[in-house]
Amino acid sequence: MARVNDPELTKARLHLVVEEMYDRIVKGEPPTMTLPVRTKNNIGFDKKLGVYKYGKKRSTRDATSLGSAKNLLRALHVVEFIEEMIEAGKSSTLREMYYISEGWGLGKFGGQNESNNLAEDLEVVTSCLREDFKLRPEEDGARMIGNVTLNELNRRGQWMTINARDDVGDSGYGLPYNVEIEKIQLKEHDVKFLMAIETGGMFDRLVENGFDEEYDCGLIHLKGQPARSTRRIIKRMNEEWDLPVVVFLDGDPWSFRIFASIAYGAIKTAHISEYLATPSASYLGITSDDILAYDLPSDDLSKKDIEALNAELTDPRFADGWWQDQINMMLEIGKKAEQQSLAKYGLDFVTDTYLPEKLEEMGLA
Amino acid sequence: MAGIADKMASNQKQIAISEFFEKNKHFLGFDSLPRSIITAVKEAVDNSLDACEEARILPEIIVKITKIDVKKDILELQTEDNGPGIPQKSIEKVFGQLLFGSRFHAIRQSRGQQGIGITGVVMYSQLTTGKPTHVLSKISGEPTAVSVNIGLDTRKNKAVKSEQTRIIWEREDMSLKEHGVRVTTRMKAKYQRGRQSVFQYLRMTSIVNPHAEITFVDPDGERFHWPRVTERLPTKVDAIKPHPHGIELGQLQRMCRETSDSRISVFLRQNFSGVSMRAAKELCEAAELSVSTKPKSMKPDDVRALLEAFQGERTIGGKVIKLLSPPTNCLSPIEEMLIKKGLSKTIDSKFIATMTRAPTVSHGNPFQVEVGLIFGEGMSADKHVEVLRFANRVPLMYQQGGCLLTKAIESVDWRQYGLEQAGGKGVPKGPAAVLVHLASTNVQFTSEAKEALSDNEFVFEETRKAMLEMGRGLRKHLEKKKKMAKTREKFELINDILPAIAAKSAAILERPVPDLAGSITKIMSAVICNETTIWNKETKQTDVSVTLFNYTTRARSYSLLVNWPEKSGADIVENERGGRKEATGIWGWKIETLEPGEQAVLEYSLSGLEKGDWTETEVFFRGSQDVIGATKLDEKMLVEIRRQEEVLTQSEETNVESETDSESSFEPGVVEGDSAQTTLFGGDV
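Residue numbers (this note's numbering), protein chains in the order written: chain A, 1 to 365; chain B, 1 to 685.
Bound conformation, chain B alone (with noise of 0.2 angstroms):
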């Protein structure tokens, strides 16, 4: 009877798989010809970036298509990358099995999550064409690459291998390539362009990996390539452990099934986070558990009673058990640095406002939200602005309607930052473009499409303030580039107009060419602050100068102050003024007398920077006239600073969380002594 049974089941599997792809094909991203090509490259691209982060390789990925029958819509579909390869007894399980994998049982951010990821892509191949996949894979250390063909036996669920030898993988230049995995494979899929296509799709990825070297063959074999950025790799993520918040009855169940824990107290703060030895024992007094129940023995209703008191609906007299949040270094946010070189190196702009907000928790799910906002010429003033959505580093492309990250931008009232909106509703008209990254251990999706983020309030909120505040970075940069252009106009008509109506109509007059010191001090009538930051193409330096004309008929004194990147990096050099730090980010000079008609010249170099890492530098002032192009220093940023050092020097806190961006705001930072503060900040001048 036995054996009847198992070949019923082995039957039923067999129905099962082709027909578990046919009816799934729109889960699985094969539903349309167009979109199976992207599917596809979209397997093979996140197979090779994973591999590639886990061996801490820096990748090189190279992804071709070539149209084999264009009245039958078959394509060829080539990837390779510079990865660890697949050892030779793994290639089968890789290409040929359904769900392998460890990911799947990891708590972690990892981009494939649930999908059938490249087995899906051999099955396609399979059933369109017949053919079988090709995978060309070498290890580091042998001297020898392997070479197969991977097929589907449907039947059995299980991969067919057919022609497998080793051979030599040479490059195109004849040299030996040392390791990486090269596959090839035929499918009946359409090659398209525009915002749903392989190209937007590897654009997008070179984005949110700046640390990825990605070349791309279209079908008409143009060459597209997205160098790499950065040599820094993602931050390696651990994996943690299930938090009671987030855990759903079923999962309990097989995990108190598997365990091989006696006791449950243990099995309590062993397999999860955020489980102290307090809180396991009050979980089990919630749940009316002994802490000794062995977890293998216990009912269905024993369980239901521990998740309750995981959920807070069981309390111990009305009090919720206090659990600590999951740890969240499981997660690898893209971060500020690399999300504006990644923007900057494929649209090619002026402004750009990142912001990384620190992690948070929802319902036991560590997660954390990155945004990104480019803007300027380059890009359609009078069309929606571009929504570039991810999750996990993988580009979503599909249903931006129905995504919550397209939802908390389209919450935002952007026209009060400067850009149009009808109604103050729904994606905003501009030159510009919005990223949004979610980096998270559990990523919802609405469907097994994995393309749009379903609602949650936590994710919603954070990205929307992560909106606001590169909003306000946004208008304050417009609201900057219209002083500086008034002020451009402003010296413009002293330096140029204004000496050129002098010498005509001295020359029409024949008479002496005047001076033009009163009159400019007459039409500018303000002291006017200039500044330049520009990337020394020589030396791999930004140099920064900032110049101080004094237009009025008195003389002044100021402190100047400006903001540089500090803490990416960054080191003041070539600063013949001296000056002083002031406080982390903030470096300050004294101006002592400035004669009506004259000007101060600051001149100072950054070093550790990268070509359009800094492009712009905010300078403040203290004094009592206001000057044109810098902000006065505010009283309560300075109380701010004060406030956060003093922090800084009573605790050794090393990683205190930051959730100011960059550009604009005073880190708690090293202060050289007090004197220096009055001297700045303290007394007027």
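Isolated chain A, as found in the complex (with noise of 0.2 angstroms):
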């Protein structure tokens, strides 16, 4: 997946942006910006790339109303930014643009979540990634455990290799929140399959119980929604060592859209699908007969519960069988439950019961 990381396509792309309001005022009209539509109506599987992409709907932002105006202005403020920050060599946070926006006079930012979008924004009509604008995430990336080798280059310039199971400690490698080829190296593994989970304490649990080295298997805590940091470096370790991926998350809705958004592209970020989603990984657990057949200690579904699986229901990354068949069966036993009702069993279950027994029908152990 070659990404464009070319500073004169960036602001060349970037120009383009600026061109379509300039040309339009030449013209006498209103200036606009045309973006896809960011909704799950406008997400379509692409074949060739093997995951979920943006459609063809488009919207155009014109500036007939202030709002719209003003998210003009502050996308050509951000293209002038990115421009000085490609040509001096910088890079700054969304946060740290966001406050700098405060010397914008009117295109200055009326909350961080506007500042996000119109980034996201940006990324979309250009084809860029927010790495070639030079701006990064406030969200922190993921914690890695197992016999897995990178060459990270450090702040002195300097590359370094970590063993994220020799060279840790208990809280295993922190991912730092670039981890394209220029700052990340995969250098070499021992391991047969990544597992990826939602919860820390679970995390925990199989660090703790030595599952890493006994199931020969590199562990990466999710925190809930991975950044896109996590599902790049679970993409590129799927990719470029060819290693299996399995999620294992809570058994109820929102998980199940963490797992789409790592297997098939998440809806905000489908313009860069094809570098984020690993169509590969499979769904470990909880799933809906888990809930059943392990007889787990589980809540009720609450409004917004059911409200998100018939929202799920109607998504085309869910449309398959196997996902119908799980979220209707959700809705009818109306229960959701957590991965750490395992323990209700003790607490090697998981590792001892559960997890092998997963992975036996999977092929993995």
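Careful: at least some of the hints might be erroneous.
[Stated by the list, open to error] Pairs of lysine-lysine, PhoX-like flavour, derived with a Cα cap of 25 angstroms:
{"no.": "1", "chain 1": "A", "residue 1": "Lys-27", "chain 2": "A", "residue 2": "Lys-40"}
{"no.": "2", "chain 1": "B", "residue 1": "Lys-522", "chain 2": "A", "residue 2": "Lys-27"}
{"no.": "3", "chain 1": "B", "residue 1": "Lys-486", "chain 2": "A", "residue 2": "Lys-108"}
[As the list claims (entries may be wrong)] Label pairs and their calculated CB-CB ranges:
{"no.": "4", "chain 1": "A", "residue 1": "Gly-89", "chain 2": "B", "residue 2": "Asn-536", "range": "27 to 37 angstroms"}
{"no.": "5", "chain 1": "B", "residue 1": "Glu-592", "chain 2": "A", "residue 2": "Thr-34", "range": "40 to 50 angstroms"}
{"no.": "6", "chain 1": "B", "residue 1": "Val-513", "chain 2": "A", "residue 2": "Gly-55", "range": "31 to 41 angstroms"}
{"no.": "7", "chain 1": "A", "residue 1": "Thr-93", "chain 2": "B", "residue 2": "Asp-496", "range": "20 to 30 angstroms"}
{"no.": "8", "chain 1": "A", "residue 1": "Thr-34", "chain 2": "B", "residue 2": "Lys-567", "range": "55 to 65 angstroms"}
[To be verified] Some chain B residues near chain A, calculated using beta-carbon distances under 8 angstroms:
{"no.": "9", "residue": "Leu-493"}
{"no.": "10", "residue": "Ala-502"}
{"no.": "11", "residue": "Pro-514"}
Think of the hints as simulated: they come from the structure by calculation, not from any bench.
No experiment lies behind these values; they were computed from the predicted model shown.
Where a beta carbon is used, it is the ideal one built from N, C-alpha and C, also for glycine.
Dock the two chains into a complex; use the hints.
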């Protein structure tokens, strides 16, 4: 998956956005910015890439209302700011950009959300990554433990070699925000598969029980909805080392969405799904069947949960038969369960019984 | 034997007076410690205001409360006015005798109607502290003031004077006080803050007495000042005779007994209002009395028959005797502009609607309802609106729920006017205060406490109508505000944001900054009117500016009209574009051709107004394309203006009562010839 990573090309693409506005004014029309519609109604499966991408639907943001006019002005300020950073060889966090916008007068952001959204808008229209824009997220990356060796370029410009089992403590190796090739090189590994885990509690349980060594796997803590860098590193290890990926989450509608963002691409970042999504990843659990089969302690679905499940039924990413069955079954039993509810049968049940049984089903143990 | 009878009567009185007070503390306003101090302030301030009004003096009142003994709850109250002063010989009557004063006999609007007044304060003070009340009084023309202590002999219902001297009354700045009264009294009472407090009472008093200057020093030494906002004293009210519809049997009996008239027909004509010669005869006929009956010698049954004729229970052949309405010049409304000023000096806000209804009559009693509504920032949005009730300029602070005026407010569905109200009933919520003032010769209270008005369908209907009218004003204001906000946004877009987009995009692409005219027309695609009405501190005038922008692709022409408060004495000055007066309170200009992208500016000032009198100008237009920020002139309104003007030219009536509010309506007025009408309102533009 080649990335643009060419400052001149990034600038040229950003200029196209500016030109659209300029040309409209010259023609005596209100300036506009055209961008793909970013909702689930406009994502479709890209057969060539094997992930979900934005479709053909476009929306035009035009300067006929104060709100959208201000948005266009902000976009111009951001473009200018990015150009300045590219030229100065600097980068900034999205939050820093938000504060810098204080000096943009009429073009300043009303809130951090606005600056985050605008950065995504520009990615979408230009097909560049925010790394190309020299913008960093605030979100922190995942933790990883397992016999995997990486080279990371540190801030002194030196490559460090780190083994994510032998060179780290119990909290594991912390992934930086940028996991692209210029920052992280995948050196070598001795694992059979990668397991992505939703909660910190479960991650620590598996580490404490030595699961990574017993089953020769790499463990990655997702921290809920995974950051881009987490999804990107999973994608790179899957692609570059050809490692299978299993995803171990809570058994609720929100976990289904986390899985979809790992495997098929998230709606918000569908413009870069080919960089972030790992189509071969498989869902290990907790499945709706597990709740019944293991008789897990469970909670009733809330109104919001039910709405989310119903929305998933019409989400193209969950269109296949297995997912439709899982979602319908959860609606039917009206229950959800956490990963850690497995502790009902003791602290070692998850590593001694549940995971081995599941991995066997998947042909990984 | 007679001696014993006198003694017995006197004994009865002894018991009566002190017991009367003890038993009726509740009605007299001394039933609780916090209320006692409010009542005392109220009696003193009411007296001062009434005295100043009668003497045509602009009142300056100072109220000071000091804590004397915190443990025993002893407060000292001192009130001082600049009224005419009380002559030395009258002091003991005013302060020491129950039910003193001429106003109990006259029928007119006055502040304290039935109360025992300041004497109650003297009595309460004596009962709770054993101390007399000190009075300092100076009348104009005398070199010195009277200084005297007043106590009460409760056995004889008489004032007891002590330590009377004449002194030189100097103010704090050593200048001589010309006239006025200062009362200093101590009492068992508690000073509190909040909705029922001396502060609130004085604040409300200052709202309905915009001609008064009131200063209050609270027990912590904090000073509050409500300045005078008008030099105009309330109109002097005439006392009127009772009207047959509003009289009771006892009163009629007494009048018959006390009159010296020898013929009942003369008695009726001279002692009642609304009774003509013909009506007097007819009343006698209905009551089956000879016109020459001597009132003094009427039997109880005769008096009853006369009353029945008054009330329409006795008729002549089924016909009720027609009586004229009582005159209404005995009322003294505050009037719209002054309510506005009164409200805006105590509450800082943008929108104020006021309305003074025409005087009307209920059961022979003239009355008049006035309301005011103030809305905007600075008031809490999620609380009930503040209800400010007044009867004859006296604040009503207790029993809000049981009061007729509150019920009238509650009967309106305020939701349609932009206020929150659960279920469309009850006191609404929102950043607003509602003022209701009832001026009447006979205010009916639910109880002797005189804090809530009793039910009266006429007063209720009048109040309700006034509320609806104000509600419509509020809705209009809110709609206008919304529209203005949208227009302001559009202007910000084309004046600030769009030029910034053009400049920035040009800079990034290193190209010339493009022209914006085309984009602006496309974005606005409308004709927009922008109005500002601002008080000019230097010139003491209200500056109005109206700008009309044509952001369409075609040339346009319009007539623009504005309203201005002509009937409040304002003149249009510095009006360079000329135009012409089209009706009373309406000025018009013709805007010939306004090319696409062009703008026309009308500027003028209003003289003869004070700050806050006029804060919003309404702009009307006549033309085919809609104008954002202005109202299309309504044909029906024109018809109405013309009709009213015709009525005015036909009759020489000078005192036409108007029920319209000054902000949005057209008063009958002088027109400068018919050609003006055709130019402006007649032919299409």
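Consistency of the hints with the structure:
{"no.": "1", "hint": "A:Lys-27 x A:Lys-40", "result": "34 angstroms, violated"}
{"no.": "2", "hint": "B:Lys-522 x A:Lys-27", "result": "11 angstroms, holds"}
{"no.": "3", "hint": "B:Lys-486 x A:Lys-108", "result": "21 angstroms, holds"}
{"no.": "4", "hint": "A:Gly-89 x B:Asn-536: 27 to 37 angstroms", "result": "57 angstroms, violated"}
{"no.": "5", "hint": "B:Glu-592 x A:Thr-34: 40 to 50 angstroms", "result": "42 angstroms, holds"}
{"no.": "6", "hint": "B:Val-513 x A:Gly-55: 31 to 41 angstroms", "result": "37 angstroms, holds"}
{"no.": "7", "hint": "A:Thr-93 x B:Asp-496: 20 to 30 angstroms", "result": "29 angstroms, holds"}
{"no.": "8", "hint": "A:Thr-34 x B:Lys-567: 55 to 65 angstroms", "result": "58 angstroms, holds"}
{"no.": "9", "hint": "Leu-493", "result": "5 angstroms, holds"}
{"no.": "10", "hint": "Ala-502", "result": "5 angstroms, holds"}
{"no.": "11", "hint": "Pro-514", "result": "5 angstroms, holds"}
In this structure, the earlier hints numbered 1, 4 are contradicted, and the remaining ones agree with it.
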